[in-house]
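Protein sequence lines correspond, in order, to chains A and B. All the letters of the first sequence, read from the start, carry residue numbers 805 to 1263 under our numbering. All the letters of the second sequence, read from the start, carry residue numbers 15 to 559 under our numbering.
No wet-lab data here; the hints were simulated from the structure. The beta-carbon is built from N, C-alpha and C at its ideal position, and this holds for glycine as well. Errors might be hidden in some of the hints.
In the PhoX-like style, the derived pairs of lysine-lysine whose C-alpha atoms are separated by at most 25 Å in a straight line are [said to hold, decoys possible]:
1) K1147(A) to K337(B)
2) K526(B) to K1186(A)
3) K336(B) to K1147(A)
4) K169(B) to K898(A)
5) K1252(A) to K526(B)
6) K526(B) to K1227(A)
7) K1186(A) to K1227(A)
8) K954(A) to K137(B)
9) K898(A) to K933(A)
10) K526(B) to K238(B)
11) K954(A) to K169(B)
12) K402(B) to K1252(A)
Negatives, chain A to chain B, calculated, CB over 10 Å [as the list claims (entries may be wrong)]:
13) Q843
14) E858
15) Q865
16) R867
17) P892
18) E919
19) G975
20) R977
21) S1050
22) S1059
23) G1094
24) R1104
25) P1151
26) E1229
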Amino acid sequence: MRLPLIFMACSAWFLAASAWPADRTLSVTIYADDLALVQDRRDIDVKEGRQRIEFQEVSGQIRPETVSLAAADISIIEQNFDFDLLTPAKLMEKAVGQEITIVRVNPATGAETREQAQVLATNGGVVLKIGQRIEVLRDDGLPVRVIFSKVPDNLRARPTLSVSIIGAHAGTRRATLSYLTPGLGWKADYVALYNESDAKIDVQGWVTLTNSSGTTYDNAQTLLVAGSPSQVDGAANNYRPSPRRSTLQVPGTESGNRERLGDYYLYPLAERTTIANLQTKQVSFLDVHGVPAEHGYEFRNRWLGTAETPVSAKSIYSFSTSAHAGLGDQLPAGILRFYMRDKRGDPQFIGESRIDHTPMGSTLSLTTGDAFDVKVHAVVEKRTRIATFDWQTDMRYELTNALPRSVVVKLRQEGLWGDSSIKAESQKSTRSSAEVAEWAVTVPANGKATLTASFETRY
Amino acid sequence: MRATPRACAMLGLAIGAAPQPGSVLAAEILAEPPSDLIVTVYRAPYRNGGSIDLDDLQGFALVSETRIVHLPAGRSRLRFEGVADGIEPASAIITGFPGGVIEKNRDARLLSPAALIASTLGKPVELLRTIRKTGKTERLTGTLLSDAGGGVVFKTSQGIEALRCSGLPETFSFEPVSGLSARPTLSVEVRSPRAETKQVTLSYLSRGFDWAADYTVTLSDDGKSFELGAWVTLANSNGVGFPSAHTQVVAGTVNRANGEEEVEPIDIGGPILARCWPRGSTSDVSEIRMFKLAHDDLKANAPMPMAMRVGSLQEVVVTGAKKVQQEQLGDLKLYRVPERTTLASRQSKQVRLMDRSSIPVYTVYGAEVDVEEDDAVSTPAHRLLRTKNTAANHLGLPLPSGSVAVFGAVQGLRLLENESDLRDIAVDEEVEINMGESPDVQVTANKEKVSVDPAQDMPPLVPGVSLRSVKIGTANRVAISNARPTDVQFELRLQLEPGARVVRADHRLGTKNGRPIFRLRVPAHETVTVRYQIQRTDDRILRTP
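The following block holds chain A by itself, in its conformation from the complex (with noise of 0.2 Å):
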């Protein structure tokens, strides 16, 4: 008597397991910005004629315009993709005008009375006829269950892609479907330990893939493209930020030996992999040891700049990607964190830097945050017309230094405009555009530097 029963069960358990087809290969192909080509081949079963075909375990968030379906001697004749959800307000509404079986319970005995029953109206409570009366449905609150005898044909738990095909003949056929889908992306993550001692950085990099579309490719062969395709119904494309600070200092002009497409690079994943929903996953694709860097300071003031309190300069590590002496790879975009061993040698994170998509041979600049101990006092000490549009302003730099070594600052005045001139300075500066005056200030350990310059301007 146990035996047949576990033997039921069971072939319930197999017959939902297998609404994975055993052959079923995925492929999914990322791109950056959250979007993904999703590839789908499965074996599917085509009856001669005119039918219906269901897709199940696509993308919760799949593009259903960018649906394409190939298979041998098919015809499509329509694509539906059906997001009206399985709920039982839409079953009852669904039911309205049909026949469903009530079950009353007799709170006192437990005793089952059961009648056929026509839903007339849904609306606010559910109204049935039974024979020749009028109820509503549980008015008296006593126990009522409702049974349905079937499921309304374009109700799901989850949206289903469905398609309408004839076919030439039966048989079991392979097929293809693809589509676009957001929430899928990804990004590089970058590991980069300095070592103080020689400076050199060890870097690791990392894939990060995110999953949110709703569902799980299980084996899915993955392959992540560097580089945005231009996307026309994306709103988030359309914002483009401020321009912040550029850490492209040098763009390179090595070529590696990753395999592109088009302008884009790719960087297939080496193993099937499943990518759950919710899951962040990442895998290593770059690990370079022992790489030099520098380690500098840099401040920045704005246009007639002045601060109250001396501010903080940033602290900046720059490297190269070149093939000899740096990582020796383009990196795809994202985000760098730096670490430092401390005393005890346990790698400490020193901050943060976002990444564009770069080169190999470029110089990198990289911020990770304010130095505590190297500050300079941007003042405007002067400001004077000296003819009708022409004004004299006088600035003074003053650099501080609390750390026991002597630090270089790149000290760069913005907001030139290209019209402004520099009629004196207390030491040479450089024009790295026309836009900007920049100085490399020695301050000594444990001490101060102070630069003056007088800028003329047209106005």
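Could you slot chain B onto chain A? The hints should help.
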């Protein structure tokens, strides 16, 4: 009798069924709980001074856990359970594996009633229905059809029904599910050449931490020196505690590239919602009320966001016997708590940072005057305490940002005088504590018409300016009154438009940060009046001869 998947799988093998596709090939192993912990707490990156807000900790921490793992040979999936709930999975680093890491995963789905329903969808489930009167429970095997929109629909041999719409006590009994863990879990796929026991280190950044320095300044009776004491206050709002951890805090501002919007979602799950068809009865009044009731019901049943559940922090622990030790970390300052300490879940903790005494201080009253303003309204001056962060002043150590509480003594009674914020102050920098407004020292600024040439009482200040070339009809007058029994030092700073300058004044004029300033001494119970004249650039363009 329930059939478990394991029993089914055995049966499946016995009857020669194909293995389930998509199954995990790797063996699943659980790492041991951490044997050693290091927690380094960083401040909220955008807070420049002030205390922490226990209800909303904006800082973060670097957590390093040392754990023992027992690896089998070949590929395995290693689970690290009980990582901090605020983990930023992308920042996780795992070291110590001989064969390297294939991939790292953070599963955001936690075991909850709603997650059980979602993962049992389309699979068999057992329905339990109890008759209240008799206590008899009926068990029915069925299939879960839908959990969409907060309602549950299932199918049994009798037909299709909705959960808990009949008014009978109904619930499900689930098959065991895999992939749902009780606590936030990080897993890695690793490959090991042989079976061995290794010690590995898992480091990650986690949100839900913060720290600040809280200073107390106790002024001496004569107001010429003070004692400075400081606590490091650190807090953890994670649901996970860190027992017996090496604890550090880092001062200085570190760059964070992650915006708020990039927090990876975590599905903490929710209750089983069994929403039904409209249940209005003949006694209901209107549909609008129905809607409102349904809406309230929705709100009451909706899973609360994590932060709301956390609530306030529970416990405050103070340890004061030993002070933190400071060391340099790149361009940051690291403060090490001397002994291992337990940073429990939802706890704030205080450790002594420093105690210094006999720090000389001088008091200055100050006010800023906008020369364009005409009104003759008296405003109170600000009282400022100033000192310099040098060894000669018994300081000379980095002061991390935080809040300052200033206490004074009146007839032996300690009184709080003021609370204010302090920014990061390096060695040799000036320290200024704003004590707020002082009603005893009032500043009144107005303009007066100059009918006679004031050249006699206001000598020109700027060399080369010809007196005759300046035609200014007004002079500014600022009166500073002192109702205190002692003389005060006073600093009057002027706010000028660009290019304007003071051409005449009856007191010595200095500059501070590029702006004109009068440094005055106001005797007790007296009023000092400063008069000066401003020349604007549009008055006349002057060339010095």
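Hint by hint, here is what the structure shows:
Annotation: proposed proximity of K1147(A) to K337(B) holds, straight-line Cα distance about 18 Å (limit 25 Å). Distance restraint check for K526(B) and K1186(A): the Cα-Cα separation of roughly 11 Å lies within the 25 Å cut-off, and the hinted pair is therefore satisfied. A C-alpha spacing of about 19 Å is found between K336(B) and K1147(A), which places the hinted pair at or below 25 Å, so the restraint holds. Proximity of K169(B) to K898(A) is assessed by CA-CA distance (about 17 Å); at most 25 Å being required, the pair is judged to hold.
Between K1252(A) and K526(B), the direct Cα distance comes to roughly 18 Å. Compliance with the 25 Å bound is thereby established for this hinted pair. At most 25 Å may separate the alpha-carbon atoms for a hinted pair to count; K526(B) and K1227(A) meet this at roughly 23 Å. Proposed proximity of K1186(A) and K1227(A) is supported: the alpha carbons are some 14 Å apart, at most 25 Å. Pair hint K954(A) plus K137(B) holds up; C-alpha atoms about 18 Å apart against a cutoff of 25 Å.
A C-alpha spacing of about 16 Å is found between K898(A) and K933(A), which places the hinted pair at or below 25 Å, so the restraint holds. Straight-line distance between C-alpha atoms of K526(B) and K238(B) comes to about 24 Å, which keeps the hinted pair within the 25 Å bound. At most 25 Å may separate the alpha-carbon atoms for a hinted pair to count; K954(A) and K169(B) meet this at roughly 9 Å. Among the hinted pairs, K402(B) with K1252(A) is consistent with the structure: their alpha-carbon atoms are about 15 Å apart, no more than 25 Å.
Even its closest Cβ contact with chain B, about 16 Å, leaves Q843(A) beyond 10 Å, as expected for a residue assigned away from the interface. Distance to chain B confirms E858(A) as a non-interface residue, since its nearest Cβ pair spans about 13 Å, more than 10 Å. Remark: the non-interface label on Q865(A) is consistent with the geometry, its nearest Cβ contact in chain B lying 14 Å away (cut-off 10 Å). Taking the minimum C-beta to C-beta distance to chain B, about 20 Å, the non-interface status of R867(A) holds against the 10 Å cut.
Distance check for P892(A) against chain B: the nearest CB is about 3 Å away, which does not clear 10 Å, and the non-interface claim fails. The non-interface label for E919(A) is consistent with chain B: the shortest C-beta to C-beta separation is roughly 14 Å, beyond 10 Å. Annotated as non-interface, G975(A) keeps its C-beta farther than 10 Å from every C-beta of chain B; the closest such distance is 21 Å. Its beta-carbon lying about 19 Å from the closest one in chain B, R977(A) satisfies the requirement of being farther than 10 Å from that chain.
For S1050(A), the non-interface assignment is confirmed: its Cβ lies about 14 Å from the closest Cβ of chain B, beyond the 10 Å cut-off. For S1059(A), the non-interface assignment is confirmed: its Cβ lies about 27 Å from the closest Cβ of chain B, beyond the 10 Å cut-off. For G1094(A), the shortest C-beta to C-beta distance to chain B comes to about 17 Å, beyond the 10 Å cut-off, and the non-interface label holds. Look at R1104(A): its CB is around 14 Å from the nearest CB on chain B, clear of 10 Å, so calling it non-interface holds up.
P1151(A), annotated as away from the interface, has a beta carbon of chain B within 10 Å; the closest lies near 7 Å. The claim that E1229(A) lies off the interface holds: its Cβ sits roughly 17 Å from the closest Cβ of chain B, which is beyond the 10 Å cut-off.
In this structure, the earlier hints numbered 17, 25 are contradicted, and the remaining ones agree with it.
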